[in-house]
Every structure is written in C-alpha cells, then in structure tokens.
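> For the sequence shown, the tail end lands on 108 under the numbering used here, and the numbers increase by one without skipping.
It is worth saying that the hints were derived from the structure and are not from the lab.
Predicted model only: the values in this text are computed from it and were never measured.
Treat the hints with caution; some may be incorrect.
Pair by pair, the computed Cβ-Cβ distance ranges are [claimed, not checked]:
hint, residue 1, residue 2, range
1, Asn5, Pro33, 26 to 36 Å
2, Leu16, Pro63, 26 to 36 Å
3, Gly83, Ser108, 30 to 40 Å
4, Pro63, Leu107, 30 to 40 Å
5, Glu47, Ser67, 10 to 20 Å
6, Ala38, Lys87, 14 to 24 Å
7, Ala96, Lys9, 26 to 36 Å
8, Asp64, Ala29, 17 to 27 Å
9, Met72, Asp50, 25 to 35 Å
10, Arg35, Pro63, 11 to 21 Å
Keeping only pairs whose Cα atoms sit at most 20 Å apart, straight-line, the calculated EDC-like set for lysine to aspartate or glutamate is [as the list claims (entries may be wrong)]:
hint, residue 1, residue 2
11, Lys87, Asp14
12, Lys20, Asp64
13, Lys87, Asp19
14, Lys95, Asp64
15, Lys20, Glu42
16, Lys84, Asp64
17, Lys84, Asp14
18, Lys51, Asp64
19, Lys51, Asp101
20, Lys93, Asp14
21, Lys20, Asp50
22, Lys9, Glu47
23, Lys9, Asp53
24, Lys93, Glu42
The beta-carbon is built from N, C-alpha and C at its ideal position, and this holds for glycine as well.
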Amino acid sequence: MALKNVTAKSFDEDVLLNDKPVLVDFWAAWCGPCRQIAPALEAIAAEHSDKIDIVKLNIDEHPDIASAYGVMSIPTMNLYIGGKITKSIVGAKAKAAIENDLSDVLLS
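Produce the entire structure from the sequences given, and follow the hints as far as they go.
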C-alpha cells in the first residue's frame, strides 16, 4: 500500500482538518534513511488505518511547509491531532520503535 502524498494544496484538508490523528512523513527522494523507513510506515498505515492516517510530504517540492513546521532534518515524522503537532519523531527507526512512539494513538 503506497502512502498518500500531500501537497501544499491538500495539506490543510488531509492533515490539519482530518478527524483522525495524522502522521506526516517529511522526506525527499535523495534521502536514504527516508527510503529505509517507508516500508515500516506503509505497514503501520495498513495495520492501523482505523486509528491513524499516514501521509508523505516531499520537502523538495514543498519547502515552505517543512519550514513552517520546523523540519530541520529528514526523516522527520510529525504527529498531528486536531491540527496541532503532538509529537515529532526524528531519524530512521525500526517499525516497532515507530509503533512504540505512536502507542498513545495506536492503543487507544
């Protein structure tokens, strides 16, 4: 299952106005660690689609959004609940570690 790519046009609707928690993966095509975590994020999205939406935002295509949300390095994954960042996960992690970081949402 490929994750949805959000853009400047869809960010508000897909992320900020979403009724579910949303994990935004800030990434770039040239980023090796970003490619490394992609399968884990796809698996988490498939397994927990009832509790969380996981989307990707390419920082090369949308640097203004990355800058507005303080993304200084990638991969960075921001968890948005009710339009607000409630958690930031920085760096490549294994699937179990990402799930642990998201346990508040996944186990609720």
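> Against each hint, give a clear statement of whether it holds in the structure.
Hints versus structure:
Between Asn5 and Pro33 the C-beta distance comes to about 18 Å, which lies outside the given range of 26 to 36 Å. At about 18 Å, the CB distance of Leu16 to Pro63 disagrees with the hint of 26 to 36 Å. The beta-carbon spacing between Gly83 and Ser108, approximately 18 Å, falls outside the hinted interval of 30 to 40 Å. Range check, Pro63 to Leu107: Cβ separation about 34 Å, and the 30 to 40 Å hint holds.
Checked against the hint of 10 to 20 Å, the C-beta distance between Glu47 and Ser67 comes to roughly 32 Å, which is inconsistent with it. Evaluation of the 14 to 24 Å hint for Ala38 and Lys87 yields a pass: the beta carbon distance comes to about 19 Å. At roughly 34 Å, the beta carbons of Ala96 and Lys9 sit within the given window of 26 to 36 Å. Between Asp64 and Ala29 the Cβ separation comes to about 18 Å, which falls inside the hinted range of 17 to 27 Å.
At roughly 32 Å, the beta carbons of Met72 and Asp50 sit within the given window of 25 to 35 Å. Evaluation of the 11 to 21 Å hint for Arg35 and Pro63 yields a pass: the beta carbon distance comes to about 19 Å. Between the alpha carbons of Lys87 and Asp14 the distance comes to roughly 18 Å, so the proposed pair stays at or under 20 Å and holds. A distance of roughly 24 Å separates the Cα atoms of Lys20 and Asp64; the hinted pair therefore is violated under the 20 Å criterion.
Proximity of Lys87 to Asp19 is assessed by CA-CA distance (about 17 Å); at most 20 Å being required, the pair is judged to hold. Taking the CA atoms of Lys95 and Asp64, the gap is about 28 Å. The hint is violated against a cut of 20 Å. The straight-line distance between the Cα atoms of Lys20 and Glu42 is roughly 17 Å, inside the 20 Å bound, and the hint therefore holds. Between Lys84 and Asp64 the alpha-carbon distance is near 17 Å, which keeps this suggested pair within the 20 Å criterion.
Between the alpha carbons of Lys84 and Asp14 the distance comes to roughly 13 Å, so the proposed pair stays at or under 20 Å and holds. The suggested pairing of Lys51 with Asp64 is violated, with an alpha-carbon distance near 28 Å, which exceeds 20 Å. A distance of roughly 14 Å separates the Cα atoms of Lys51 and Asp101; the hinted pair therefore holds under the 20 Å criterion. Note on Lys93 and Asp14: the hinted pairing is violated, with a Cα-Cα distance of about 24 Å set against a maximum of 20 Å.
Restraint check for Lys20 and Asp50: satisfied, since their Cα atoms lie roughly 9 Å apart, inside the 20 Å limit. Annotation: proposed proximity of Lys9 to Glu47 is violated, straight-line Cα distance about 27 Å (limit 20 Å). Restraint check: the Cα-Cα separation between Lys9 and Asp53 comes to about 18 Å, which is no more than 20 Å; the hinted pair holds. For the hint pairing Lys93 with Glu42, the CA-to-CA distance comes to about 14 Å; that is within 20 Å, so the pair holds.
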